[in-house]
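**Student:** As a plain string of letters, each chain reads:
2 protein chains.
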Amino acid sequence: MKEKLKIIKIGGNVINDSEALTSFLIDFSKVNGLKILVHGGGKRATEIANDLGLQPKMVEGRRITDEANLEIVTMIYAGLLNKNIIGQLQKYRCNAIGLSGADANCIQAHKRIVIDVDYGFAGDVDAINNTAINVFLENDMIPVFCAITHDKKGQLLNTNADTIASEIAKGMSRDYEVELIYCFEKNGVLQNVNDETSVIEIINANLYKELKNNKVIAEGMLPKMENCFEALRKGVEKVIIGNPRVISDKNQKYTTLQL
Amino acid sequence: MKEKLKIIKIGGNVINDSEALTSFLIDFSKVNGLKILVHGGGKRATEIANDLGLQPKMVEGRRITDEANLEIVTMIYAGLLNKNIIGQLQKYRCNAIGLSGADANCIQAHKRIVIDVDYGFAGDVDAINNTAINVFLENDMIPVFCAITHDKKGQLLNTNADTIASEIAKGMSRDYEVELIYCFEKNGVLQNVNDETSVIEIINANLYKELKNNKVIAEGMLPKMENCFEALRKGVEKVIIGNPRVISDKNQKYTTLQL
Numbered sequence: 013m014k015e016k017l018k019i020i021k022i023g024g025n026v027i028n029d030s031e032a033l034t035s036f037l038i039d040f041s042k043v044n045g046l047k048i049l050v051h052g053g054g055k056r057a058t059e060i061a062n063d064l065g066l067q068p069k070m071v072e073g074r075r076i077t078d079e080a081n082l083e084i085v086t087m088i089y090a091g092l093l094n095k096n097i098i099g100q101l102q103k104y105r106c107n108a109i110g111l112s113g114a115d116a117n118c119i120q121a122h123k124r125i126v127i128d129v130d131y132g133f134a135g136d137v138d139a140i141n142n143t144a145i146n147v148f149l150e151n152d153m154i155p156v157f158c159a160i161t162h163d164k165k166g167q168l169l170n171t172n173a174d175t176i177a178s179e180i181a182k183g184m185s186r187d188y189e190v191e192l193i194y195c196f197e198k199n200g201v202l203q204n205v206n207d208e209t210s211v212i213e214i215i216n217a218n219l220y221k222e223l224k225n226n227k228v229i230a231e232g233m234l235p236k237m238e239n240c241f242e243a244l245r246k247g248v249e250k251v252i253i254g255n256p257r258v259i260s261d262k263n264q265k266y267t268t269l270q271l
Numbered sequence: 013m014k015e016k017l018k019i020i021k022i023g024g025n026v027i028n029d030s031e032a033l034t035s036f037l038i039d040f041s042k043v044n045g046l047k048i049l050v051h052g053g054g055k056r057a058t059e060i061a062n063d064l065g066l067q068p069k070m071v072e073g074r075r076i077t078d079e080a081n082l083e084i085v086t087m088i089y090a091g092l093l094n095k096n097i098i099g100q101l102q103k104y105r106c107n108a109i110g111l112s113g114a115d116a117n118c119i120q121a122h123k124r125i126v127i128d129v130d131y132g133f134a135g136d137v138d139a140i141n142n143t144a145i146n147v148f149l150e151n152d153m154i155p156v157f158c159a160i161t162h163d164k165k166g167q168l169l170n171t172n173a174d175t176i177a178s179e180i181a182k183g184m185s186r187d188y189e190v191e192l193i194y195c196f197e198k199n200g201v202l203q204n205v206n207d208e209t210s211v212i213e214i215i216n217a218n219l220y221k222e223l224k225n226n227k228v229i230a231e232g233m234l235p236k237m238e239n240c241f242e243a244l245r246k247g248v249e250k251v252i253i254g255n256p257r258v259i260s261d262k263n264q265k266y267t268t269l270q271l
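Chain order of the listed sequences is P and S.
Take the first sequence: its letters are residues 13 to 271, numbered as in my numbering.
Take the second sequence: its letters are residues 13 to 271, numbered as in my numbering.
It is possible that part of the hints are untrue.
Here are a few chain S residues that face chain P, going by a calculated C-beta distance under 7 Å [to be verified]:
| no. | residue |
| --- | --- |
| 1 | Leu64 |
| 2 | Ala90 |
| 3 | Gly91 |
| 4 | Gln102 |
| 5 | Arg105 |
| 6 | Gly110 |
| 7 | Asn117 |
| 8 | Lys123 |
| 9 | Arg124 |
| 10 | Val147 |
| 11 | Leu149 |
| 12 | Gly166 |
| 13 | Asn172 |
| 14 | Asp174 |
Straight-line C-alpha distance at most 20 Å; calculated EDC-like pairs for lysine to aspartate or glutamate [claimed, not checked]:
| no. | chain 1 | residue 1 | chain 2 | residue 2 |
| --- | --- | --- | --- | --- |
| 15 | P | Lys224 | P | Glu242 |
| 16 | S | Lys103 | P | Asp136 |
| 17 | P | Lys55 | S | Asp136 |
| 18 | S | Lys55 | P | Glu79 |
| 19 | S | Lys262 | S | Asp39 |
| 20 | P | Lys55 | S | Glu79 |
| 21 | S | Lys236 | S | Glu79 |
Restraint ranges, calculated between C-beta atoms of paired labels, are given here [stated by the list, open to error]:
| no. | chain 1 | residue 1 | chain 2 | residue 2 | range |
| --- | --- | --- | --- | --- | --- |
| 22 | P | Tyr104 | S | Arg257 | 42 to 48 Å |
| 23 | P | Arg257 | S | Ala230 | 55 to 61 Å |
| 24 | P | Ile125 | S | Glu189 | 54 to 60 Å |
| 25 | S | Asp261 | P | Asp136 | 36 to 42 Å |
| 26 | S | Glu79 | P | Tyr104 | 18 to 24 Å |
| 27 | P | Gly45 | S | Gly247 | 46 to 52 Å |
| 28 | S | Glu231 | P | Ala139 | 45 to 51 Å |
| 29 | P | Asp136 | S | Tyr104 | 20 to 26 Å |
| 30 | S | Glu15 | P | Ala139 | 38 to 44 Å |
| 31 | P | Lys262 | S | Gly232 | 55 to 61 Å |
| 32 | S | Arg186 | P | Glu213 | 51 to 57 Å |
| 33 | S | Glu222 | P | Asn146 | 50 to 56 Å |
No lab work stands behind these hints: they were computed from the structure.
Glycine residues also receive a C-beta, built at the ideal position from the N, C-alpha and C atoms.
Chain P on its own, in the form it takes in the complex:
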């Protein structure tokens, strides 16, 4: 039987609030068993870009990573955020190691192919390096990934953190029974977006179709849900969407996805 591995993803809602982040990191440090953390960016990158006089470049509502913005996200994600998270986890006796996809070639990607829009230095993931990640896990180091990958040709790439989490989950399910936990600002997928108690506890592929048709699931949730189902189809054992307390509080409701 494969050993269990939890892959937990946090985003801007936790990163932007230092109290929420500390509280989450204390909870994360207490999670039993093998675990990996993936973190997104948050508003600090936008603030620093603004302070440096850089405007976020948008095309048709999508963010473009030009060279100046790649520099900023590399500084903020891999430097400021990642190392502060590591520093805090070390304080809570969690032997964390901060990683970008370039480190030990953990996540190889390619620059997104231009079809209609040139997203600039945005990365689409090609391969997860199980061997390297296993070295960390087997030596009691807890990998903490920021959302930067590389193309193994010297180019760093800005990569969606949700995608990184699901790619690591898929890649590692070769060796482990993987549980993928997406933490976000809501208690799960909600029947009524304004009612945090209306968590839909289980969503299978059929219900997902129905919820899409009824527009209960829409916009930003759609790519997140696609990532989740893709992970389940590629061997991930369990996928959960919930708020950050889900990793510590047994009474916290959440959404479980099923095929």
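We have chain P already, so just place chain S on it with the hints.
**Tutor:** The following block gives chain S in isolation, referenced to the frame of chain P:
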């Protein structure tokens, strides 16, 4: 017999010049045997601090790391510089892994004690984590350290890169026959500072005293030399000072230090 390990330190003169850096990284990727790279900061941190309207804080000619400056050096050293170095080394088939002292608790330090001057978030090294660094070396990962450490109480600390290199060298000489190579802007310690051919090939403790008295070695070179002799006294096998070509070019002159 202990296995050999080379610890190579580069500073601003290489970091600030992208062609020099690429050329050095190609050479570094070809260095045979076990190796560790330590890199300093360079002017990009000062530029970004200036762009953000931060003035470097100086007291009696010494740089002070206040909270805003710690944020900047964490971004630049651990993020921008470290990850770009890793990306490039991966291109040259060197399986590098970028680390701060907080990652896997590799380098534990404490905030410098205030005697006359409060240096702010400056770190003095307490301990090198041989176990963690050995995990990387034994699994064909090449550690690349930036000059950020932590106190294991959640605080990141700005730490002198020369000191980090000598502390790692001392710590690792428990397990390896360590050669410490300081690369800087000159060909070695020069008899005449304006003549690059006047490299003093061997300096022992007696000659060092003489060179200090004659002011051949002065100012910025003094703490570097103290670091070197301290490393030799604490078990490092060999210490070299030279220009970056010393790692690839057999004909390049350099200074060897001896007790």
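**Student:** Find the hints from earlier in the document that the structure breaks and name them by number, from lowest to highest.
**Tutor:** Hints 5, 8, 9, 11, 13, 14, 17, 21, 24, 27, 30 contradicted; others consistent.
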